[in-house]
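S.K.: Put together the whole structure using the sequences plus the hints.
Chains as they are written, first to last, in the numbering used here: chain A, 1 to 266; chain B, 1001 to 1300.
Mixed in with the good hints, there may be bad ones.
Which bits of chain B does chain A cover? Going by a derived footprint, with three or more residues having C-beta under 8 Å, they are [to be verified]:
(1) 1067 to 1073
(2) 1086 to 1096
(3) 1127 to 1138
These aren't lab readings, by the way, just hints derived from the structure by calculation. Idealized CB from N, CA, C, for every residue including glycine.
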Amino acid sequence: MDRIECQWCKAQNEASRTSCNTCGAPLDQKNIVSDSGWAEAPRLRDMTEFHFSNSTCQVEGEIVPVAEINLAHGDSVFFEHHVMLWKEPTVPMSALNTGGGMKRTIGGMPHVVSVAHGPGRIAFSRDATGEVVVLPIHPSHEIDVREHAFLAGTHSLNYSFVRIKGLANVLHGGTGMYMDRFVTQNEPGLLLLHGYGNVFQKTLQQNEKILVEPGGFLYKDSSVQMNTVKQSFKTGLMGTHNMFLAEMVGPGRVGIQSMYVHHGSE
Amino acid sequence: MSTPTETATSSYTCPYCRNVSDGGGTSCSRCGAPVDVRLKVTKSGWAKQPPIKDMARIRFNRSTCQISGTQVPVAEMKLDGEDSLYFSHHVLLHADEQVHLETMQMAGGWNRVLAGMPLVMMQAKGPGHIAFSADRPGETLAIPLQQGQAVDVVEHRFLVATTNVNYQWERAGVWFTTQDGDEQEWHYPIGQTMDRFTAHGNHGLLLLHGPGNTFIRDLNSGESILTQPDSLIWKDQTVRMHLHFEYPRGQYWFSSSRWQAKSMWLRLQGPGRIAIQSVFEPPEMVGAVMNSSPSTTHYW
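M.R.: See the structure below:
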């Protein structure tokens, strides 16, 4: 039987499908890659449906997209409480124990991460122009995500946070003190992110480097190192102007967004 | 509706940037406008500037610019070692390690601070890739400039330009004052200053960001049009502008409409090209106008 490999998540699909069953990426369109190797995150077609565990997710809308999840019995998703757009009244809710309360407060991370349990329907939106990025997570795979960027994660994902090293990054980097880290042990999971504007991904080779505006950083494989690079420029009036960039060092994937909060200039 | 100009020799004049090319490919190599879509002109004469197609390439000097993304587009430059660009530091999205970054010398620093203009302008020198984003939904507008050609751009629309495009700023000369008690308030509907970009030595490339959709129009000599002041993106240097106030008819001579319900317009007078955007902030409606830059007034 013929199979088609999804160019975004590498999942195998039946030849008759027009969108990936695992991440929703169109299968009948070529990957769009810029000259320098940045691939556009696939634009999910309106009403595209894909699956995880026994549940389905449907993404609707193209300017401020909504992810609508039909949760099966036994499945659940976790999310920051303010991204919930609507839910059926019968969908039970609970709170995820995130740990590290004081550190999370200092890092500006959400204290309350809510969990919705199936069966029933629930929908999420980040309330901003952008794209839903679907990242299937496989066992032993670790993804680091900038704070306040994740839309929802499925029950098999382990959610923790990591500190961004470097005082300069803390003060000026724009990604805050902590990043969300998602990992799964046994069962594959699905992570939905909201990227502001358009989202691009590049795979860095071993020791390959790229400088990124910190506000544009969205996610990375945990194998990618993130360092703060300070660049000082002499100016006539003010003496010196300092610019802080995030130096990403491979190997692994880096995701960026084209619309960002530039903490350094506000 | 009309179609782009075509001749028997298959040369193609881009209706958006007015440059001649062979028309090969799917987009203009000078401004990135698609060549395979019909020019859409409203009955009143506004041409819709089509968005640059995803991954379209624009050539300048020995380098290329590729526009990617559709909502908040990114302009990614592949810079040759001989080419360089300048930009306001907050629009930089990513850069190769080998791209040389430095500050650009800017005159009139204190006045720029007072006018709320970018103080630090950066310069990037090739070789390598460097990318820019305006960080707002909208369209990237590419304006190729012939040697000596100049355009006036409303402040905060500028994204990036080649270094052979000279950057100056001038007083916009569009203002009015109102009185609040004993205090006189100054209002600048299009900002205190405008950026003037002039190509020197060679063809230059200027990239702007227009929120919403963009429309262009060529005004004949003496022809004028009233627009929302905040909708203007750029104009040819030859286009003159001044304020126009309109007061709706009130039931009585002392009707509040004479003070509060006025409409304020920017009158643009040809000859020359103008570009406006469909996203704008309406001007603040504040009290009676006490004084203004040269303006016209109409009472209905």
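S.K.: If a hint holds in the structure, say so; if it does not, say that too.
M.R.: Now for the hints, and whether the structure bears them out:
1. A count of 6 residues in the segment 1067 to 1073 of chain B with a Cβ less than 8 Å from any Cβ of chain A is obtained; the coverage claim is therefore met, three being the minimum.
2. Note: the segment 1086 to 1096 of chain B has 7 residues with beta-carbon separation from chain A under 8 Å; the three-residue rule is met and the coverage holds.
3. Closer than 8 Å: that is the beta-carbon criterion, and the segment 1127 to 1138 of chain B has 6 residues meeting it against chain A, so the requirement of 3 holds.
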